[in-house]
Amino acid sequence: MIDRKPSRREVIENCISRGLLLAGVPMASSSLFSLWAQTENQAHKPTPTEVLGPFFKKGAPNASLLRAAGDPGFPLHVSGKVTNTRGEIVHGAQIDIWQTNHQGFYDLQGFRYRTRLVLESASEYAIETVLPGHYDDRPAQHIHYMISAPGHKPLITQLYFATDPFFEGDPDKNYRKRSIVSHRDLVRPVMLFEQPGAAHATVDFGICLEKA
Amino acid sequence: MQPWISASVWKRPDMRAVLMLVFPTLAIAQTVAGDRVIASDSPIEAVSFSADGRSIAAACQDHQVRFWNARTGEFQRAVAFNKEDVRPSISDRADLLVTTGPDGAIVMRDLETGRTIRRFSGPARAPREIAFSPDRKLIAGAGLARIDGSENTVTVWDASGTKLRALQAGLGGVSALAFSPDGATLVAAGFDTNLRAWRARDGELLRLIEDPPLAMFALAFSPDGNYLATAGADRNVYLWDTKTWNMVRKLTGQPEMISAMAFSPDSRILLTGGFSEFTLRNPVQVVFWELASGKILRSEQSSHRVESAAFSPDGTQAATASDRTVSIWAVAAAAKP
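Residue numbers (our numbering), protein chains in the order written: chain A, 1 to 212; chain B, 1 to 337.
Treat the hints with care, since some could be wrong.
Below, in silico cross-link-like pairs of lysine to aspartate or glutamate (DMTMM-like), each with a Cα-Cα straight-line distance of 25 Å or less [unchecked claim]:
hint: 1; chain 1: B; residue 1: Lys137; chain 2: B; residue 2: Asp202
hint: 2; chain 1: B; residue 1: Lys250; chain 2: A; residue 2: Asp107
hint: 3; chain 1: A; residue 1: Lys173; chain 2: A; residue 2: Asp136
hint: 4; chain 1: A; residue 1: Lys58; chain 2: B; residue 2: Glu210
hint: 5; chain 1: A; residue 1: Lys58; chain 2: B; residue 2: Asp211
Source of the hints: derived by calculation from the structure; they are not laboratory data.
Fair warning: this is a prediction, and the values are worked out from it, not measured in the lab.
In isolation and in its complexed conformation, chain A is listed as follows (with noise of 0.2 Å):
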């Protein structure tokens, strides 16, 4: 039993073991089409949306390190790749980023946790950051996205993580706590390192868009 949408694949292969495509009788050929329209894309969910907040700023540089030799907090890789909800990869994306630094505060003077990636024909991306802190309106950490690429329809979200105290160790029953977090899929699983001398975190934070 399938209980995801079934792939192109197994679209067509379930219309000819039932006669469908060889005979062309029971299902019009409009039904099918539609069948495997909404399955091409809808292949994929896309990524959720979340509020774009106060803080975003205009300008910042296309730069992967956010993270300055020296800086306190605990050390953070994000990467993902950004394709559609076809499961293409997409061209041309332009990511903003930003987030607090270790302690909660957003960077309002300069462009200190703050980036715009530019991803010329590699649909993927990564920043090495560090996790951001606890703030008193929004107790959740999180870092903010916003994603604009051609032919796609502009994502705002944010990314959040299944290790912030915040979700008391049960995101599942707890994301929904304060109405902060809009969807349970943005609350993503750490994976933590150890290296000698220094423990890192990595977060996959894979980005799906919509076609325009």
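Since chain A is already given, all that's left is putting chain B on it; use the hints.
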């Protein structure tokens, strides 16, 4: 002020708050000649002077609009509004209150009679920002964009509650709204950091200003209509010429982000109030600026985020609201150039 409380102690907002709790009569005590501090039982979201300047009205979180005598600080009356309604906004003459209901409905209440005079459907999500045109013929509302990004709009209604148009604002929603004094122009500041000016009559976009690097949280037109002042996260006040929409002056010196702003009736003085990311812990500043020179005329402390600011119609008094306090400032005595 009681003679046994030293001025230095009284000037500290935290000490003043403690003293006011212990000695309620101090709520109407004076700091400098003409200044007055009025204590409210509930945190305040908006203030406005009455048309005759005799009363100061404050919309409070306990769903009451309280009126005090602006000169003596004596309590006059309270007008209750629906307990489910949020985001109260008082018109500039303190005669109308607009709130939003839990279903997003916009509710207008006459503050003279206390009666609801109109209730009409708002956008799907309750508007966060409301602006009246000076002639009261238009009401504009906008708020945080929906999570799905489908409501990055400013809605304009006529006085009867008929929706006239939806104007396309930027991604992320609207942080502040204002009509020009002649009612001809509507300006919205967006969380995308841009400013948009529309012709109110037909909704034509007059200018998209993309210069500000950070979002503006407060907008105010000078009463003579010559300038639009915007201020927000980057602590500066920007003055825009409303004929060319070019930035003509930047006022610097507010030590924290700016959340509230008001012009004096003669357009010569601008009042700004701040907030910080430590809002509940650190005092912020209330600043009076001389527009012509860009100089700070007076700077005072406020113990909490400044939620709202207003000038009296004759320009001799100004008011700021933060937490449970309305501060009345004697403009003629201390800030007039």
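Now the hints, each set against the structure:
1. Distance restraint check for B:Lys137 and B:Asp202: the Cα-Cα separation of roughly 14 Å lies within the 25 Å cut-off, and the hinted pair is therefore satisfied.
2. With a CA separation close to 20 Å, the supplied pair B:Lys250 and A:Asp107 stays within the 25 Å bound.
3. The suggested pairing of A:Lys173 with A:Asp136 holds, with an alpha-carbon distance near 22 Å, which does not exceed 25 Å.
4. Pair hint A:Lys58 plus B:Glu210 holds up; C-alpha atoms about 9 Å apart against a cutoff of 25 Å.
5. About 9 Å separates the Cα atoms of A:Lys58 and B:Asp211, which keeps this hinted pair within 25 Å; it holds.
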